[in-house]
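> Given next are the chains, with one letter for each unit.
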Amino acid sequence: MKDVDTLVSELVQVTRKKIQDESIEDPMMIGIHTGGAWVAERLHEGLALKTPLGALNISFYRDDFTRIGMHPQVTPSHLPASVEDRNIILVDDVLYTGRTIRAALNEIFDYGRPRRVILVCLVERSGRELPIQADIVGEYIELATNQQVKLAGPQPLNLSIVDAAT
Amino acid sequence: MGYKNSIQLTKDKKLRHFLTIEGLPRAILVEILDNAESFLTVGEQQVKKVPLLRGKVIVNLFFENSTRTRTTFELAAKRLSADVLNLNIATSATSKGESLLDTLQNLEAMHADMFVVRHALSGASFFIANHVAPHISVINAGDGCYAHPTQAMLDMLTIRKHFGAFADLNVAIVGDILHSRVARSEIHALTTLGVNEVRVIAPKTLLPSAIESMGVHVYNDMNKGLEGVDVIIMLRLQKERMDGAFVPSEEEYFNCYGLTEEKLRLANSHAIVMHPGPINRGVEIESSVADGKQSVILEQVSNGIAARMAIMSMCMSGIAAGEV
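These protein sequence lines are chains W and D, in that order. Converting from the first sequence to our numbering requires adding 111 to each position, the first position being numbered 1. Converting from the second sequence to our numbering requires adding 43 to each position, the first position being numbered 1.
Be aware that a few hints might be false.
What the hints assert, rightly or not - Heads up, simulated DSSO-like pairs for lysine-lysine below, C-alpha to C-alpha not over 30 angstroms straight-line:
no.	chain 1	residue 1	chain 2	residue 2
1	W	161	D	91
2	D	306	D	282
3	D	91	D	54
4	D	139	D	282
5	D	56	D	92
6	W	261	D	56
To be verified - Label pairs and their calculated CB-CB ranges:
no.	chain 1	residue 1	chain 2	residue 2	range
7	W	175	D	90	53 to 59 angstroms
8	D	313	W	274	50 to 56 angstroms
9	W	178	D	205	34 to 40 angstroms
10	W	195	D	321	35 to 41 angstroms
11	D	312	W	195	38 to 44 angstroms
12	D	87	W	255	52 to 58 angstroms
13	W	186	D	304	35 to 41 angstroms
14	W	162	D	258	48 to 54 angstroms
15	D	342	W	193	22 to 28 angstroms
What the hints assert, rightly or not - Quick look at which bits of chain W chain D covers, simulated, 3 or more residues with Cβ under 8 angstroms:
no.	stretch
16	166 to 172
17	218 to 226
Just so you know, the hints here were simulated from the structure itself, not pulled from any lab data. Just so we're clear, the structure is a prediction, and the values are computed from it rather than from any experiment. Each residue gets a CB set at the ideal place from its N, CA and C atoms; glycine is no exception.
Full structure from sequences and hints, please.
Rendered as structure tokens:
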């Protein structure tokens, strides 16, 4: 697996090219709390985006509430500008089942109707359960179901593969 | 205390009913406040809803009139995407002779998930919580003179938003302590959250006996009691709960215990003025104070929606996740 700094600088390059090639006007970047927000911070800086960075905490939109209950939420969502008719770059650390992204999209649409949403992920791992895919991915990793990719942070960011707690 | 917690908490110490603040650990109160702060942002969304309680049925069971509490509970439930039934018992089956337990069983048969109960008798919500099916959560929206815990939590949220922390604060609760379920719940919440000092300011006729045992300082003289306080919680003179002569007249009560601009100057200059509503202008509070810069009375109402969202979702989550 590549180290985080390499992945981040590659993501900055590819995302910058996409913004230019497709003339994506004044995008608002939104990181998903907590790992995605850390990655988004680095990308936002690297791309020197004009609109301030936003953060989503999707606890209230999770689909497993009735099964595992509420996760204590300390950092609320914060979107610095209206999403109405805006281009959005959604950032997460690890794309796995796709459920987090579904929840994030639901939450974004409760703030308004964006023009376009692009998904950027640091890592994608095997095991998707929903038809959701990223536009830009740093690295794809094939993993067994009992393994997890963990991003430690915020300073420094560090990726590791761990055996999931049973 | 043990009994109260055994019914309010699941085996793994999650909230499942919310009946009284008494005996709840500080961690639960802080969790309520943290969640409530997050829910405040939902009010800023274009679609002011989150899908947490989608498909849940919440029944507002109001045996006693209320506008603010019932509507904020209703709005809170709707912002959590729950379905809400408002039952005005005064005009329903109980007045045709149906017993309370029969009414409850009928509501359970309609697959209700939560009862929000307001009742004129102290302990009514405990009684209901003891008799509902295990998947149902009960929230006390005010019972008799006993407790009004959601009001206390929205007030704690308002205080924390203004001061950030509780440890250095001196809080005065002024007025009809005797008939006030709000006062009792506020005192439990403030002492659990660890404020510096809780004072109650009232004439002797409107103070319950042995109130000092709740850990408060008693003042009969409002001018002395307001010195150096950061938060003033005014209470309504509850005429409907009085069956004797507790105060000589409203005018005299206002002279001694009404919050005027002049008296407000005795408190710290940054002090905030709170009131659970409905306010009696000119009885316990001067109009210019109620509408003044230091008044946070309307903020309390907005915070009430978020605090109730937090409590409702935590109770439902406790039942979903925990072993009952």
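> Residue count check for the stretch 166 to 172 of chain W against chain D: does it reach three with CB-CB under 8 angstroms?
holds (count 4)
> Holds or violated: the 38 to 44 angstroms window for the beta-carbon distance between residue 312 (chain D) and residue 195 (chain W)?
Given range 38 to 44 angstroms: holds, Cβ gap about 42 angstroms.
> Given the proposed pairing of residue 56 (chain D) with residue 92 (chain D), does the C-alpha separation stay at or below 30 angstroms?
Within the cut-off at roughly 28 angstroms; holds.
> Take a quick look at whether residue 306 (chain D) and residue 282 (chain D) sit within 30 angstroms of each other, Cα to Cα.
holds (24 angstroms)
> Would you check the hint for residue 139 (chain D) and residue 282 (chain D), treating anything up to 30 angstroms between C-alpha atoms as holding?
Roughly 28 angstroms between the alpha carbons, so the hint for residue 139 (chain D) and residue 282 (chain D) holds.
> Could you check the hint for me, namely that residue 186 (chain W) and residue 304 (chain D) are 35 to 41 angstroms apart, CB to CB?
Distance hint for residue 186 (chain W), residue 304 (chain D) holds at roughly 40 angstroms.
> Can the suggested window of 48 to 54 angstroms be confirmed for the beta-carbon pair residue 162 (chain W) and residue 258 (chain D)?
50 angstroms Cβ-Cβ, so the 48 to 54 angstroms window holds.
> Just to be sure I understand the hint, the distance between the Cβ atoms of residue 342 (chain D) and residue 193 (chain W) should be within 22 to 28 angstroms; is that true here?
Holds - the Cβ-Cβ distance for residue 342 (chain D) and residue 193 (chain W), about 25 angstroms, lies within 22 to 28 angstroms.
> Lying within 53 to 59 angstroms: is that true of the beta-carbon distance residue 175 (chain W) to residue 90 (chain D)?
violated (22 angstroms)
> 35 to 41 angstroms was suggested as the range; check whether the CB atoms of residue 195 (chain W) and residue 321 (chain D) agree with it.
holds (38 angstroms)
> Holds or violated: the 52 to 58 angstroms window for the beta-carbon distance between residue 87 (chain D) and residue 255 (chain W)?
violated (42 angstroms)
> Between residue 261 (chain W) and residue 56 (chain D), does the CA-CA distance stay at or below 30 angstroms?
The given pair, whose Cα atoms are some 29 angstroms apart, holds under the 30 angstroms limit.
When the structure is compared with the earlier hints, violations turn up for hints 3, 7, 12 and for no others.
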